[in-house]
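Asker: Which chain is which? The protein sequence lines are A and B, in order. Numbers 882 to 1202, taken from the working numbering, label the letters of the first sequence in order. Numbers 882 to 1202, taken from the working numbering, label the letters of the second sequence in order.
Quick caveat, the hints were computed from the structure, so don't treat them as lab data. These figures come from a predicted structure and were not determined experimentally. One or more hints might be untrue.
Copies of the same chain look alike in the list, so a pair counts if it fits in one copy or across any two.
As the list claims (entries may be wrong) - The calculated lysine-lysine pairs, modelled on BS3-like cross-linking and capped at a C-alpha distance of 30 Å, are:
hint, residue 1, residue 2
1, K1070, K1173
2, K1102, K1140
3, K1141, K1129
4, K1069, K960
5, K1173, K905
6, K1058, K1140
7, K922, K1102
8, K1129, K1173
9, K1058, K975
10, K1133, K1070
11, K1055, K1102
12, K1160, K1070
13, K1070, K974
14, K960, K1070
15, K1102, K905
16, K1083, K1129
17, K1102, K1141
18, K1058, K1129
19, K1055, K1129
20, K1102, K1193
21, K1069, K1033
22, K1160, K1133
23, K930, K905
24, K1069, K1160
25, K1140, K1069
26, K1033, K1083
27, K922, K1193
28, K1140, K1173
Protein chains: 2
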Amino acid sequence: MISIALDALGGDFAPDVVIDGAIKAVNGSDGTFNIVLCGPKADVEAKLKQFGYQGNAISVVDAPDPVAMDEHPTDVLRKKQHSGLVTCVALQKKGLVQASVSAGNSGAMMASCLMILGRTSENFARPPIGCIVPTASGSSILVDAGANVDEKPLVLKDFALAGSVFAECHLGIKNPKVGLLNMGEEEKKGPVAVQEAHQLLKTAPINFIGNIEGRDVVLGKADVIVCSGYVGNVVLKMLEGFYELHQKMFGKIDTPAGKKFDEMWDYRTAGGALLLGLKGTGIIAHGRSDAKAIEQAVKVAYTFAANNVPQKVGEKLAGIQ
Amino acid sequence: MISIALDALGGDFAPDVVIDGAIKAVNGSDGTFNIVLCGPKADVEAKLKQFGYQGNAISVVDAPDPVAMDEHPTDVLRKKQHSGLVTCVALQKKGLVQASVSAGNSGAMMASCLMILGRTSENFARPPIGCIVPTASGSSILVDAGANVDEKPLVLKDFALAGSVFAECHLGIKNPKVGLLNMGEEEKKGPVAVQEAHQLLKTAPINFIGNIEGRDVVLGKADVIVCSGYVGNVVLKMLEGFYELHQKMFGKIDTPAGKKFDEMWDYRTAGGALLLGLKGTGIIAHGRSDAKAIEQAVKVAYTFAANNVPQKVGEKLAGIQ
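Isolated chain A (complex conformation):
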């Protein structure tokens, strides 16, 4: 039985949507996983009761400390060991759960996973967020979706390697096409770090298809989109914004295309992104998550944990580095 730790106070609409989402997730799980809610025990239990939950697939671990969205990650690690966020990761380290999910402070979640779970390889300096994003032709892996900034070319190369093995292990794509996000196809275009990364990727053991542009991201030219965490975050949020704009302008379009668009482009169906290159499953869910997004994040965490995705990614990374 797989257990998933969920930060009860993580996210803009916690704890209500987190607890609602947790209940929806276990109710639809056919008993394949349990959830351990980490948060202020009395409050969380009262909320579970309020939502009418009476099953035994959800337990609660007391973790009373709140974590603010703008709290510095190292401060959280040092001073908020009894927060839901840190407790989720600590339980995984102890082997009591197999995955940790938080929609809270993403920097703190990343730092906790990095410091508590550890990297799969010491060569792998800065774990990125690998996020599945919708495209015109299906989905791609965006890496880094926002864990890092000001990356050196070698770090961008690590992102490419991690994204490539993630696409292989998780999406089942053989020899995935890896594109470097830039402002033109030419090698000599773009910021210096991106130009240097281009040169490194040419000889890396991946299927590097060269630079791609913003248009190619949306149209799905690459299976793996490599970029700085800053740019990746802009890309991810624009994809979300586009879905919202579309909903606003057109509402629900009741055609096969409309249904496909809703299925693929609603950010809530992605359900959260995986930190790559770590010894364990750390899922960063969206701060704006509603209950459906939390439910989906837990399901995604289950898939990663059940399929040993982090371990497979780690082994493959060690093999090609």
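Since the structure of chain A is already known, use the hints to place chain B on it.
Answerer: Structure of chain B alone, referenced to chain A:
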């Protein structure tokens, strides 16, 4: 009478679409402007004949040198003085035309405008591309849309000033809301250069609304979106990609919302972006321009020149710098 110089060999589908677009532009101009096509004279005249043009609103200046899309800007300036691109700008410097348009090598067009037309202020180090982009609520100015890379914080501040006065002079927005594109609302988020730019913008003589995210770009939270040319180019191309994806999935939607979306989001209606902070009107049209996009780029150039937008931007910039 305003004359507009148009690079006959600029763009992926030149010269055919350029000449077709030029004819469409003058036919719809009510005689308000002329076009001077700069390119290999015999070829251009033959094409004009082939397209059946018999009016006198289009003239041709011989400029036989071709410019490749990946040719280095300074090489173009040094070795390709008889190219359509450089000739367009040189004619403006001489006062023979009031605006220059090219869909060719954008780096070369920028360098030519910078070196030949000159900056409005010596304090203004790196002229950005100001581009009108569609949002959920109307349009915003994206600055820089791809002229620069690896900008220092002071350069990002210049972009904000230029974007703000451009929004005022061209879109008529009083006290436009200026947002800094980042990966979170918090001041301490993002690349170091962006964090430092944030501090500079707080005391700049503009209506700075703080950091905005990718979602806010699409939803239209700011009138002016300030970012590095690299990121701006990714943003611009993603907006184009969204429109293409939408066309692919849904085709033409025959409702008021569908028509509005087509009008606003079809990249061809934007018609080209203005280089800001220069003594003159240099328009960079899209490399993939078709005849409709070229027609629109010429019309946009006319609007800028007729309304003295570059001069107004220059005066306002000088006033607040």
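Asker: So which hints don't hold here, by number, going up?
Answerer: 7, 9, 10, 15, 16, 22, 25 and 27
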